[in-house]
Amino acid sequence: MAASPVLPKLVGQRVKRREDPRLIQGLGTYVDDIKIVDMQHVAFKRSDVAHGRIRSLDTSAAESMPGVKAVLSGAQIAEFVGPMPIGTPFPSPDHHAVAVDAVRYVGEAVAVVVATDRYVARDAADAIVVDYEVLPAVVDVEQAMTGQPAQVHADFENNLAVALVPSGTGVSADLKTIDDSAIDKAFADAEVVVSQRMLNQRLAPTAMEPRGVVAHYEPGKDTMTIWSSTQNPHILRSFIAAMNGMGQDQVRAIAPEVGGGFGAKINIYAEEYVVAGLSKRFGLPLKWTEDRSEAFLATTHGRDILGYIDIAATRDGKVLGMKLRLIADIGAYNMLLTAAIPTLTMMMANATYDIPAIRTTLTEVFTNKTPTDAYRGAGRPEATYFVERGMDMLARELGMDPAELRRKNFIQPDQFPYATQMGAVYDSGDYGKALDRALENASWDELKQQRDAAQAEGRLVGLGLAMYVEVCGLGPSSSLPTGGWEHSQVTVERDGRISATTGASPHGQGNETTFGQMLADQFGVPLEHITIHHGDTGVVKQGIGTFGSRSQAVGGTAIHLAGAKVKEKMAKYAAALIEANEDDLVFEDGRISVKGAPDSGKTFAEIAAYAYVPVPLPEGLTPGLSEEAFFEPANNTYPFGCHIALMEIDRETGEPTLLRLVAVDDAGNLINPLIVEGQVHGGLAQGIGQAMIEEVRYGEDGQPLTGSFMDYAVPRASDLPRFEMDSTVTPTPVNPLGAKGVGEAGTLGSTPCVVSAAVDALSQFGVTHIDMMLRPEKLWQIIHGGQS
Amino acid sequence: MAQVSITVNGEQRSADVDPRMLLVHFLREQLNLTGTHVGCDTSQCGACTVLVDGRSAKSCTIFAVQAHGSEVTTIEGLADGDQLHPLQNGFWEEHGLQCGYCTPGMIMSAVNLLKDNPSPTEREIREGLDGNLCRCTGYQHIVNAVQHAADKG
Numbered sequence: 001m002a003a004s005p006v007l008p009k010l011v012g013q014r015v016k017r018r019e020d021p022r023l024i025q026g027l028g029t030y031v032d033d034i035k036i037v038d039m040q041h042v043a044f045k046r047s048d049v050a051h052g053r054i055r056s057l058d059t060s061a062a063e064s065m066p067g068v069k070a071v072l073s074g075a076q077i078a079e080f081v082g083p084m085p086i087g088t089p090f091p092s093p094d095h096h097a098v099a100v101d102a103v104r105y106v107g108e109a110v111a112v113v114v115a116t117d118r119y120v121a122r123d124a125a126d127a128i129v130v131d132y133e134v135l136p137a138v139v140d141v142e143q144a145m146t147g148q149p150a151q152v153h154a155d156f157e158n159n160l161a162v163a164l165v166p167s168g169t170g171v172s173a174d175l176k177t178i179d180d181s182a183i184d185k186a187f188a189d190a191e192v193v194v195s196q197r198m199l200n201q202r203l204a205p206t207a208m209e210p211r212g213v214v215a216h217y218e219p220g221k222d223t224m225t226i227w228s229s230t231q232n233p234h235i236l237r238s239f240i241a242a243m244n245g246m247g248q249d250q251v252r253a254i255a256p257e258v259g260g261g262f263g264a265k266i267n268i269y270a271e272e273y274v275v276a277g278l279s280k281r282f283g284l285p286l287k288w289t290e291d292r293s294e295a296f297l298a299t300t301h302g303r304d305i306l307g308y309i310d311i312a313a314t315r316d317g318k319v320l321g322m323k324l325r326l327i328a329d330i331g332a333y334n335m336l337l338t339a340a341i342p343t344l345t346m347m348m349a350n351a352t353y354d355i356p357a358i359r360t361t362l363t364e365v366f367t368n369k370t371p372t373d374a375y376r377g378a379g380r381p382e383a384t385y386f387v388e389r390g391m392d393m394l395a396r397e398l399g400m401d402p403a404e405l406r407r408k409n410f411i412q413p414d415q416f417p418y419a420t421q422m423g424a425v426y427d428s429g430d431y432g433k434a435l436d437r438a439l440e441n442a443s444w445d446e447l448k449q450q451r452d453a454a455q456a457e458g459r460l461v462g463l464g465l466a467m468y469v470e471v472c473g474l475g476p477s478s479s480l481p482t483g484g485w486e487h488s489q490v491t492v493e494r495d496g497r498i499s500a501t502t503g504a505s506p507h508g509q510g511n512e513t514t515f516g517q518m519l520a521d522q523f524g525v526p527l528e529h530i531t532i533h534h535g536d537t538g539v540v541k542q543g544i545g546t547f548g549s550r551s552q553a554v555g556g557t558a559i560h561l562a563g564a565k566v567k568e569k570m571a572k573y574a575a576a577l578i579e580a581n582e583d584d585l586v587f588e589d590g591r592i593s594v595k596g597a598p599d600s601g602k603t604f605a606e607i608a609a610y611a612y613v614p615v616p617l618p619e620g621l622t623p624g625l626s627e628e629a630f631f632e633p634a635n636n637t638y639p640f641g642c643h644i645a646l647m648e649i650d651r652e653t654g655e656p657t658l659l660r661l662v663a664v665d666d667a668g669n670l671i672n673p674l675i676v677e678g679q680v681h682g683g684l685a686q687g688i689g690q691a692m693i694e695e696v697r698y699g700e701d702g703q704p705l706t707g708s709f710m711d712y713a714v715p716r717a718s719d720l721p722r723f724e725m726d727s728t729v730t731p732t733p734v735n736p737l738g739a740k741g742v743g744e745a746g747t748l749g750s751t752p753c754v755v756s757a758a759v760d761a762l763s764q765f766g767v768t769h770i771d772m773m774l775r776p777e778k779l780w781q782i783i784h785g786g787q788s
Numbered sequence: 001m002a003q004v005s006i007t008v009n010g011e012q013r014s015a016d017v018d019p020r021m022l023l024v025h026f027l028r029e030q031l032n033l034t035g036t037h038v039g040c041d042t043s044q045c046g047a048c049t050v051l052v053d054g055r056s057a058k059s060c061t062i063f064a065v066q067a068h069g070s071e072v073t074t075i076e077g078l079a080d081g082d083q084l085h086p087l088q089n090g091f092w093e094e095h096g097l098q099c100g101y102c103t104p105g106m107i108m109s110a111v112n113l114l115k116d117n118p119s120p121t122e123r124e125i126r127e128g129l130d131g132n133l134c135r136c137t138g139y140q141h142i143v144n145a146v147q148h149a150a151d152k153g
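Chains A and B supply the protein sequences, listed in that same order. Take 1 as the starting number for the first sequence in our numbering and just add one per residue. Take 1 as the starting number for the second sequence in our numbering and just add one per residue.
Worth double-checking, as some hints may not be accurate.
Unchecked claim - Residues on chain A that point at chain B, a partial pick, calculated with CB under 10 Å: (1) GLN13; (2) ARG17; (3) LYS35; (4) VAL37; (5) ASP38; (6) GLY260; (7) GLU655; (8) GLY678; (9) LEU720.
Simulated from the structure, these hints should not be mistaken for laboratory data. Just so it is clear, CB atoms sit at the ideal spot from N, CA and C, and this is done for glycine as well.
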């Protein structure tokens, strides 16, 4: 028999996605697509004042409407839904799932309706009349820190959610004793100091699928099934079980198709607790689907960190020290990870540079706004933005090429693993290589000449460059209160096909494809013989979830380790069946055979048939081919890259146009470069969106001014240029795949490089920094009003 | 209640509906055609785009009764049996989707775009899809997908 051609290796190939056929035919199942017999609909009445006391709540009109099953006030909900738990060790104010006596942001739920139909539920919610005693709204974060104009929570004086936390050089291990001698010396020795206040503005994550929940408590079995548009069904299961006094074994959480998350679907929300709690109370299946207008109010926002940065340097461009004072406007309440997100900004303040002294401080402040939590990048884009804009200002002050200033201060390849001043240990890196590649791809020197020529003609053209390093592959369990591992069970089924579970539940990342590619190579079988199960705690026994660019580095590694265990056992069964030494066997083309003698081989189906009916049972083996593995990473991973932007601003209108965006990203080894490109593209769009057009705004009365897609600008196809992509590859030693993670990378470098390009274009008007977003009116003022 | 009769994906469908029922809810909830999605409530995002009498339309902005007597095509009716539409193929080949939520609407808008302009430039594709928001892809692979379909179409 002639040997069949060996299956090509799939890892590293641009394999098209296995998820797509169902999604391009409208056959995916998202939460709102789920129907259960006798299912009722839930709607929330939400506060339309930012800060107030509830004087009265009149539900009589709503209750009398045909089709309305129940109307519940916050106090009634509080009888069976306890206070909202958080996932960080910071102090947290009382937070009812539905407001009981006070409201603290526009959109906070004040009452709940259960009805037969979603239209009726909405009508009934509208018919609820709430009378508020309106209190002054706390909107300005720095004013809030003085306790003015009001306190959001009585027990948190001066609205300080997290009082000043220092970090960096000169702080003792317990973070209590401050010794500023190193940073003071750096600034005393400095020949140049640049200082700037910068706002990394509040954003709305806006996954295209709003949130949704279906909960089905079955009284006969005393079990709860909850479908939710979530990034982490296992964490959801734990919290829903605890809230309902049920065991984790009695709750099944399912994340079906999830239409994007971007960090905002990590949090466990009031609506999830309330819908589950009501289903248990009524013994009925219930559905709630978020409207977009609701999502702008009730889904967590991201960013909103004010940074005061000072950089001390020598005249020849060596950075001696950096101070970064951070003030985070976290909105009205602590949600699951709210308080932890800005700590990541502190953690990554070292950026890509070898800086002798860094002092950072962080203060987190309550205001009468929607709570913040993770949004793509979650703390790292903010750090990158502050430091990279600061470095850009320093380069301008020194008259140095911004690329050369960076190069002069890089952590060098031979310094890895590199312990930063901020307590991180960067795993691996070659920042100069990424910079060089980006400069080459952008034709940096020619580009500078083109810019100069254009400016000489009177055109407002500018160039911006930014480096980034981020913390991904989260992470050791010491850094995550949920645990930082991932889990997988890999099974060679009785027919020889392979199934694998993963707790890294995707929402667009394509894990069914990338994890399949890995297993196909590991076992030497076609991709079509593999199924990846995810997003269902009834099927996937353990898991953490998908966030922090961790699914490949942590989840992928768990699959790899479980696969290796199954493969080892399978080799023993094959050795017994073929009567060969297991060390002489090769896995190839869906067969296991003696190396060099393919005719000796047996198919996966034949070996599985033996393993599941093991007569005779080989000595030392148990039946079956199914093994599980937990993977606990010893460290995070630290991908990096360089982004370059070319921008032109219309002198007459102030309208900025992004002409080029050159990206070089290093995420370590890549499983599927096509999917990686897609991930970076999406991140770039969001990073550019922040720089140019996105901003959540509030009026002085705490009323949101950006409550729909008519006011909040998500980038459209015509807003973006064709991205120029490339990658360098610096594997991580943290996991056997060498993969670092790439989901958030695009949001890091793009934002500061785009803003720096705008500043470069307008530098002739004396401007050295422009706060985001780059509203044409703001740029026009700089051009025509002489304002900086 | 109002009687509506709409030809959906080639099949005549009749029902008594609330006069205020949106076409998208008629499709999703009465007919269980859940491939058409709802992503906003202000007609910006385009996730609900279908073809009404051959032209792309946002089904969250039309009452079911307004579509009475019309022919509606949804994503479920786009393929020709087992044969994917060139745009469906293009999106698959070029990785034109990630979470997939905007995808049905994006594809239906692109059908209209290519009908009007079978060989669009990149700029024309980007401007032609401005009524459809995608938060995952940064649009580049969507542009490639439409170009792929235009080349093969």
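Status of each hint after checking the structure:
1. GLN13: Interface hint status for GLN13(A): violated (13 Å vs cutoff 10 Å).
2. ARG17: holds, 6 Å
3. LYS35: holds, 8 Å
4. VAL37: Violated: closest Cβ of chain B sits about 14 Å from VAL37(A), beyond 10 Å.
5. ASP38: Constraint on ASP38(A) not satisfied, violated at 15 Å.
6. GLY260: holds, 4 Å
7. GLU655: violated, 16 Å
8. GLY678: holds, 5 Å
9. LEU720: holds, 6 Å
Figure legend: structure checked against the earlier numbered hints; hints not met, in rising order: 1, 4, 5, 7.
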